[in-house]
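Work out the full structure, taking the sequences as your base and the hints as a guide.
Here is what each chain is made of, one letter per residue.
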Amino acid sequence: MTKYVIKRIGYMIIVFFVVSFLMYSVYNLIPSDPARAELEPLKQTLKPAEYEERYQQLREEYGLDDPIPVRYARWMGLAKDTRTDTFHGMLQGYFGFSQVYKKDVAEIIPDRMENTIFINIFSTILALGITIPLGIYCAVHKKGKIDNITQVITIIGYSIPVYIIALIFIWIFAVWLGIFPVTGSQTPGADYTGMRAFLDRLYYICLPVIVMTFGSLGGMTRYVRAAMIEALSQDYIRTARAKGLREKVVIYSHAWRNALLPVITVIIGWFLGIFGGSVIIENTFGLNGMGALYYVGLMNNDFELALSIQMFYIVVSLLGQLAMDLSYGLVDPRVRVDK
Amino acid sequence: MKKFLALLLAAVMMLSLAACGNTVEEPVDDPASTDEPVVESRPNRLIYGSTTEISGDIGPGAWWTNNATDKMIRDLINDYSPITYNQGGELIVNPTICGGVESVLNEDGTKTFTVKINEGLVFSNGEPITAANYVAYALIGYSPAAAEAGAKLTAAMVEGATEYQNGEATELSGVHLIDEYTYSITIASDYVPYFYELSYASLTPLYIPMYASAPLTVVEGETGAKFEGGELVAAEIDAARWMYADAVSAGPYVIKSVDTGALEAVLEINPNYAGNFEGVKPQIQQLVIVKSDTATQFDALATGAIDVLDSLSDGTEVNTALDMVAKGGYETVSFERNGYGKIQFQCDFGPTQFQAVRHAVAYLLDRNEFANTFCQGFGSVVHGPYGLAMWMTKESEELFADEIDTYSYDPAKAVELLVADGWVLDAEGNEYVSGTRYKEVTPEEAGDYELNVTLADGRILMPLHIKWSSSEANPVSELLVTMLSEGQQTADAGMVIEQTVMTFSELLNYMYRDATQGDQYGVPTYGMYNLATNFTPIYDQSYSFSLDPQYVSLGYNTNYIFDEELDQLSMDMVYGVDPSDREGYLDLWQQFILKWNELLPEIPLYSNVYYTIYPDWLNDFVESSLWEFNQAVVYASIEGAE
Chain A
221 MTKYVIKRIG YMIIVFFVVS FLMYSVYNLI PSDPARAELE PLKQTLKPAE YEERYQQLRE
281 EYGLDDPIPV RYARWMGLAK DTRTDTFHGM LQGYFGFSQV YKKDVAEIIP DRMENTIFIN
341 IFSTILALGI TIPLGIYCAV HKKGKIDNIT QVITIIGYSI PVYIIALIFI WIFAVWLGIF
401 PVTGSQTPGA DYTGMRAFLD RLYYICLPVI VMTFGSLGGM TRYVRAAMIE ALSQDYIRTA
461 RAKGLREKVV IYSHAWRNAL LPVITVIIGW FLGIFGGSVI IENTFGLNGM GALYYVGLMN
521 NDFELALSIQ MFYIVVSLLG QLAMDLSYGL VDPRVRVDK
Chain B
149 MKKFLALLLA AVMMLSLAAC GNTVEEPVDD PASTDEPVVE SRPNRLIYGS TTEISGDIGP
209 GAWWTNNATD KMIRDLINDY SPITYNQGGE LIVNPTICGG VESVLNEDGT KTFTVKINEG
269 LVFSNGEPIT AANYVAYALI GYSPAAAEAG AKLTAAMVEG ATEYQNGEAT ELSGVHLIDE
329 YTYSITIASD YVPYFYELSY ASLTPLYIPM YASAPLTVVE GETGAKFEGG ELVAAEIDAA
389 RWMYADAVSA GPYVIKSVDT GALEAVLEIN PNYAGNFEGV KPQIQQLVIV KSDTATQFDA
449 LATGAIDVLD SLSDGTEVNT ALDMVAKGGY ETVSFERNGY GKIQFQCDFG PTQFQAVRHA
509 VAYLLDRNEF ANTFCQGFGS VVHGPYGLAM WMTKESEELF ADEIDTYSYD PAKAVELLVA
569 DGWVLDAEGN EYVSGTRYKE VTPEEAGDYE LNVTLADGRI LMPLHIKWSS SEANPVSELL
629 VTMLSEGQQT ADAGMVIEQT VMTFSELLNY MYRDATQGDQ YGVPTYGMYN LATNFTPIYD
689 QSYSFSLDPQ YVSLGYNTNY IFDEELDQLS MDMVYGVDPS DREGYLDLWQ QFILKWNELL
749 PEIPLYSNVY YTIYPDWLND FVESSLWEFN QAVVYASIEG AE
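Protein chains in written order, with our numbering: chain A, 221 to 559; chain B, 149 to 790.
Warning: the hint list may mix true and false statements.
As the list claims (entries may be wrong) - Not the full set, but computed from the structure, chain B residues with beta-carbon under 10 Å of chain A:
id, residue
1, GLU426
2, ALA443
3, ALA448
What the hints assert, rightly or not - Heads up, simulated DSS-like pairs for lysine-lysine below, C-alpha to C-alpha not over 30 Å straight-line:
id, chain 1, residue 1, chain 2, residue 2
4, B, LYS743, A, LYS323
5, B, LYS404, A, LYS267
6, A, LYS267, B, LYS743
7, B, LYS264, A, LYS323
8, A, LYS263, B, LYS475
9, B, LYS219, A, LYS263
10, B, LYS300, B, LYS264
11, B, LYS219, A, LYS267
12, A, LYS223, A, LYS263
13, B, LYS300, A, LYS263
14, B, LYS300, A, LYS300
15, B, LYS300, B, LYS404
16, B, LYS219, B, LYS429
Derived from the structure by calculation, the hints contain no laboratory data.
Cβ coordinates follow ideal geometry from the N, Cα and C atoms, glycine included.
Structural data, given as structure tokens:
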């Protein structure tokens, strides 16, 4: 098992470097000139000679004239930074400098990450808490009234984009019923502290959490249902029933355990998504999370910011893949890795 | 089951439509109401919704970033500059801060501005403001430490600032601390005379302990002002950008908190504020600035999550705002944009090098209809590089009515101009009958334009084929395609306008001919671009039409129009007029506009009318494109404020 994990981590490192180089190259092939963008607001106050001098200084500072592999090596921390003559890159924990915020990327991300995790953790737990029992119930009572209703609702939920769901829910719960606020993550101007601040924040994320949960109900419920129907149709279920086992034991110990294998991929994917953020939800509800930050980075050609987030996603994905593979073994002894 | 399904689907559809419609609840009549108006009490707080997120950089000036919302916050907490702008966008001396500004032209061509600060001014923490605090702005801003921290200030303007910034001098020879309440600043000879030179005298008082842990004091040295008592450190200057509740400032408001996680800033009245240039002090106790999203901003407004939506320009948004006003409870203020959306030509190659072609394009586009369609009725058309709110425009109305060419839609006139300019041939060099027009051009005119045709007899023909670069997902481009490039009138005139859609970055590379980004960009390719421009109160077009190859290569003249008169007027307008010569400036400005209008390096397409919507309990709120929210809100009050 340990050998397997070490081997996988080795592969992951190779994949990380290959993907990061490809991503870095793609971002740097986009024809934009950050030095020119930086100087544009000062143009009217600079004489040509000074403009040119500053422009060249900035190009040198940003390393824009070096070939991509050299810039990549510097950015990754595999080559020395020409200005500081030290290794100062991703591997040393320096994620770059944001051109939009004019500060280190590492200083920007924590606030956003906290917001994203705060929202996603609730919606993920809530969604799993609803969809798994509901999917199992629908599979066990296939073609029953509740199953039919659930099928209709989930197909609607699955078909409507989350953007539309958000607008509908805002209209119902915020504008019409006035239960939740439309936007924001805390009461404007309130200086709550402690538990009051926490509850206020919870209140503000209720609607986005409901929208995210609702948006994800359809897919997962149907997935669990399908996996359970498949499992319940197997011979060993008939055998279990024939042995006289209680229906609960048949469903949860025999069918669900076998149905879990395909479902676990999706469940782990969801948990990884906790760090991901949602561009749509965060922008619609005025929440400042990773999705919104990534969007800002891309829209403003702030490549060091966007790339850092991208690298984070890559690391999370690679770790997620490993976690998934290991979890298969936990769930199903037949695929347990002992070597 | 079928019935149930149908009902369910119908309900979902209804909800979808309702959610997309920005419906606002009807106000309900209160049966208990009497003729006496009852003033509802409410918090003395205004919530401003901004579509630009707060980055949280409140460092002085735009030394680092120029985010619109950060700038608004910065302007709300800093208003003690001796020079300010009035409601018409004119530069004036702020009598609350100083009695006047004296200027002397020195023998070496430099100009010294001496400013005497009023006594009794204090920071938000109650500590006195003296000339040293103003000098500190220059000493910190131009310091090597600030440059190391990433601050971007142009030092060349101030005498000795370049040497000081480079660390070659420890004293700033162009800035002097004369006495406790007087400072002077000397501007380099290259930058004077300048019509807006009063702005050079404008420094903002800085509370020195915010920028340095060392006990720094400003003193007058042998050649100029300097710090004594320690040294500036880059990290400390940078840290001051992100200081909020502890920030000491001098403006109508102080920061109570900035939460970049929640994208919210809370500002409260500065009790020590002496008033703006008219002595006006704010009455709204708390300003909350939050992020709003265009998709939900009206729902947020209707539910009170936001009170103010500023500068709405999209026709659908404006109509929604006006619907809300009609239903009651809200008011709007509208104002013309100080800028416009435009077609920009490059005038040194291809067909667009010919003035007649540029004029013909203007005649082929119904700009009134374009502006009306694009702005959905909330826009207008200008005919030169000016905004309708500018004082110069207002004072030129009669002249413009008589002398400015409006290029009203007239396809026949376009053809007439083209024929007169020699666009009378076809691709074989025969007389034009139909299709694309060609013109016989000289080798100089032909240049390297890739679409030229060289006939067997050696004649070079240029097709009336304009290559147009437009950015992706741009609604202006989409409307231009419909109304111009694919319009029947354009084809009938024998003109081809070929659109190429690209990213905005790529468009800029082509426009600047930036070969550093790729060889293809260095080659003049596109004669037409569609962009937008906005003007600031300092109307400075100097170098924008420069003939100097150095300026041109650095992208100052992106129209690539080389007209001596236009260049001279654009320079004289700001560098050839004494600041006191308002009439002289106006005269040159008018000449510049008329010359520009004749040469037509750009075609203004539309100038939006902006709307700001706010609740009817907000009184005395008057905004314009030259008098922004942060200035207007100082005069406003809340009816029934607790």
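Check: Which of the listed hints are not met by the structure?
Finding: 1, 4, 5, 7, 8 and 12
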